[in-house]
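Starting from two chains that each stand alone, build the complex the way the hints lay out.
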Amino acid sequence: VKAIRTITAGAALALVVGSALIAVPANAADAYINASQIGVEGSSYPAGWFVGAGSTGSVASTPSGLSISGREQVLNGTPGTAPSGGLVELATNAHLGVVSGNADFQIPLFTNGTTHTGFTTLRPDNFNNPGLNPAAGWTTSGPVGTFAAGSSHTLAEYDAELATLPAAYELLAYGVIVPTGESAVISSITWNGTTTWFTPQPSGTATPSTITVTNFMTAGKGVAVHLTGFVPGESVDGGIGNGGSGGPTGQSFSADANGNVDFTYVYPNTGLTPGQYTLSGIASVSGVIAFATVTVVADPSGTPSAPVATPAVPIKGTASFTG
Amino acid sequence: MNARRRVAAASVALAVAILLAACTPASPVGKAPTTGHDVSTATAVPAPPSVGTAATAVVPHIDVYSAPDGGVTAGFDNPQPTGAPLTFLVEESRTGWLRVELPQRPNGSTGWISAASVSLHRLEYSLRVSTANNTLTLSKLDAVVKEYPVATGTGGTPTPHGSFYLTELLAPSNPGYGPYAFGLSAFSDVLSSFGGGPGQIGLHGTDDAASIGNAASHGCVRMTNDDITALAQLLPLGTPITIE
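Protein sequences appear in the order of chains F and D.
For the first sequence, position 121 matches number 121 in our numbering, and the numbering has no gaps at all.
For the second sequence, position 73 matches number 73 in our numbering, and the numbering has no gaps at all.
Next up, chain D with everything else stripped away, as it sits in the complex (with noise of 0.2 Å):
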């Protein structure tokens, strides 16, 4: 047996690399094929001009689609009922039809809208929140630009796992949220409301500062109220927010 181990190892060594060398690419690297290197050194070709792309919306509705001429699976008034612009983040574009990220149960929705019902802009900046850590990174393209301490949610409710971006932007006129208070297309995995709303989550300031540092949240992720100042007066609609 140990015999056809040792000779299965290496025939598998050997697959992967013609396994994989003779797939057909639709768009090669350029590089002569090779046989079992690390892939995460084959390539060498630029960084992407942006993290991803905003889409705004320039109707006052907007409906989404199952797939592109598919059926309607959901609609969304512009401007959102909090009176931001309904933004979306691209996931995909096919000619005249863009894959957006949902701001919608369940946490990673996507469908299809019409191109010509948004606006397009760049998004330079991402957030990486680690509820590990407790601790969110702003970069900007490929370079980290600084890392906050933040707070989120405890045990029993959670700030969920996800990718998302954010949807809104409020100055909250009543009190606990601080100075700014960013909506996400994230929604908490225990909470179905809260608040009067249906549980949506937010990156925004805090009364309790204390708690800055700590799973001490309902989900959303708290920072310093100098902190989500300064975020405000720096991030789109739209940029994406990582939780992990």
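This is chain F alone, in the form it adopts within the complex (with noise of 0.2 Å):
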């Protein structure tokens, strides 16, 4: 099982320029899915995310991901073409983010790609265990090569199986069923370098989104930082950076039920220099990130010319403070 999120976060992040508010995939290759996005299964498989044939449970958008009833199938009908290394290699990449409940992994796939013929679909044997272990036993539910319908073999003996036929084989959909009496609730699912996310796309905000260097590091002040997007209940670390450098800032929490996670950072050195600077939460488990950008720019006072104020002049009269 794989990491859930592709770690080239950065590249997208270094398109975003001066904004408080940040609601683009970390990855270019990520994507944001909700249950009412999520098409149906037509005379054949369509691209994209679909209920396949056959299913009669739900499936429901939550702040932890895509909650489905069995008997239910979700696939996305656009799985790339198989890489090299074959099904192992789809696999051993691919990830399947389950917050609770039971769900398996399934690969619908013509044998024969030339004349889309030979249907099948490989599952994991272990139901109840969504790792996606190439090495572990796969059931075919229809015949591969000389492998029978129900049989069970590795992925590597699959890739070999297929090899010896006449034509390659096409990949059609990827996804989860989750049967009858079963339910889950799937944050992400990663495959062919893709990764869907069910949960809702992360954003963030800084308020100030522009801030003196004073202000940043006083205590009281610093930059209230909303971000969104986390499983709920899920474990957060902060982070903070500028491009040069960046790191924890020793901050974690807990995502609220709607996932949103809120707190306050003031830069804890005695000196900074002005730039823009990224405030993240990373989640431990679902690898969800969520970011907003602040600006800290130079104290005002930075003007040569501007003299030191001098002690306050006492005017005589009568105070009406609170006391």
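Think of the hints as simulated: they come from the structure by calculation, not from any bench.
Certain hints may be false.
Claimed, not checked - Only part of the chain F face toward chain D is listed, based on derived beta-carbon distances under 8 Å:
#, residue
1, GLY145
2, THR207
3, THR210
4, THR212
5, THR218
6, ALA219
7, GLY220
8, VAL297
9, PRO307
10, ALA312
11, ILE315
12, LYS316
13, GLY317
14, SER320
15, GLY323
What the hints assert, rightly or not - Non-contacting residues of chain F with respect to chain D, defined by C-beta distances greater than 12 Å in every case (computed):
#, residue
16, GLY85
17, HIS116
18, PRO143
19, LEU171
20, ILE211
Glycine included, C-beta positions come from ideal geometry on N, C-alpha and C.
The structure is reproduced here in structure tokens:
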């Protein structure tokens, strides 16, 4: 099982300049899908996410991800082409993010991609364990070469058997199935270099979006950070960076019931250079990354000509402060 | 599940490093990209030359705008009703404009004023009040000068927390406030008026020295008369005061 998010987040982040509201996938290959965007199967598999034929359950979006009640198949009809490493490579780099419940991965394919025949679906034998272990047994619903329908083999064995067939196989889709009587919440699925997130798209705001050096470092001031898109209840670690350097803030949070994290950040040092800083939250389990940017500007007092203020001159009068 | 957690945790650490190192800086700190080190040790630049900037009105009235060249949201007369010069604490500056903290409700209000309507002065002193410890700490730039015992608000009339500044200095002619009383840009969260005033928080002396060190006030910060006298002879208007 691989990391949930491909670590190329910075490429997207670098595109962000000066905005306090960030709502972009951290990876260009990421997509955010909610239940209303999931289509239905027609006479053939459609492109994108759809509910497979024979589904009698339901799907709904929640802050934790896609809530699926069986029997339901949720598939993506755009699986891409198989890499040179075949099914083993695909499964090795895939991930099924199960927040709760039971769901099983499945890979529909035509064993003959030229004639679009030989339909079968491969599913891990060990239901209730969403791991995509290519070395474990996978059951095929239809025959694959000499493998009988209903037999179990490793993905390496499938790759070898498929290689003996006269035509290359064709990937049709990938996705999950939740059987009758079961339910599951799926936060994400990573397949063939693309991660689909069923959680809300992460976003973040920093208030204020522009702050002086002094105020960024002053207790009681600092920046109020609001981040969204985490799985409710999960642990989130704070981070700060400005390009030249960065690292964790040392703050840890628990996402609230709506998947939000709010915190105030005060720069801990006595020295700070103006510039654009990114305040981030990184979920330790789901891998969700949300962030906001704040622009730190020089103190107005940097004007050399500004003289030092002199003590106030008291005014004789009646005080009416709260006392 | 445990395996996934371990892998995910490791990937998060790497993600932090790459995510943070890849951000485009407006002003790089001049160090080579690093991988996940504590940013608190990452930079070494000189401390700012002041703790803030006071903006003192040089015109009889100042309008406050929602944004540079935006709409007017408030207005303040100079001098103030007490006779003190109208003073703001600058938060941000742009060409011809200053975003300043405002001495009005709600606490923490800011707005934009014309830079031409004020004169600027650097501030070297700052104050920090701890309502938990009933102390006031005076600092000059980054160095603590002295810590004073104070009285702060009771549970029913708490001293509001936040970042404020000194708006005026009175030599009260009425009893209860000691020889000097600074007005703050803070207002009580529970008292909309007090003693004919708008519920403004003050920093002042007292006729009740025994209250010092306790949560005993209606929201104001009380000091001994000697201590407030020392501060009155030292602090400019605009001095930032953080209450936490």
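With 8 Å as the cut and Cβ atoms as the points, is THR218 of chain F at the interface with chain D?
With Cβ-Cβ at 6 Å, under 8 Å, it holds.
Under 8 Å is the threshold here; is the Cβ of VAL297 of chain F close enough to any Cβ of chain D for the hint to stand?
6 Å, holds
Distance rule for HIS116 of chain F, whose beta carbon must clear each one in chain D by more than 12 Å:
36 Å, holds
Do the numbers back the hint for ALA219 of chain F, that is, is its least Cβ distance to chain D under 8 Å?
Status holds, d = 6 Å.
Minimum beta-carbon distance criterion (8 Å), SER320 of chain F to chain D:
3 Å, holds
Supplied contact hint for THR212 of chain F, tested at 8 Å Cβ to chain D:
6 Å, holds
Assertion that PRO143 of chain F lies outside the chain D interface [Cβ separation over 12 Å]
Answer for PRO143 of chain F: holds, closest chain D Cβ roughly 33 Å.
Interface hint check: LYS316 of chain F, Cβ to nearest Cβ on chain D, cutoff 8 Å. Holds or violated?
Nearest chain D Cβ about 5 Å off; hint holds.
Quick one: work out the minimum CB distance from GLY85 of chain F to chain D and report holds if it exceeds 12 Å, violated otherwise.
19 Å, holds
Does the CB of PRO307 of chain F sit less than 8 Å away from some CB of chain D?
6 Å, holds
Verify the interface restraint on ILE315 of chain F: the C-beta must sit less than 8 Å from at least one C-beta of chain D.
4 Å, holds
Grab the minimum C-beta distance from GLY317 of chain F to chain D and call the hint holds if it beats 8 Å, violated otherwise.
5 Å, holds
Going down the numbered hints, you'll see the structure goes against 1, 2, 20, while the others check out.
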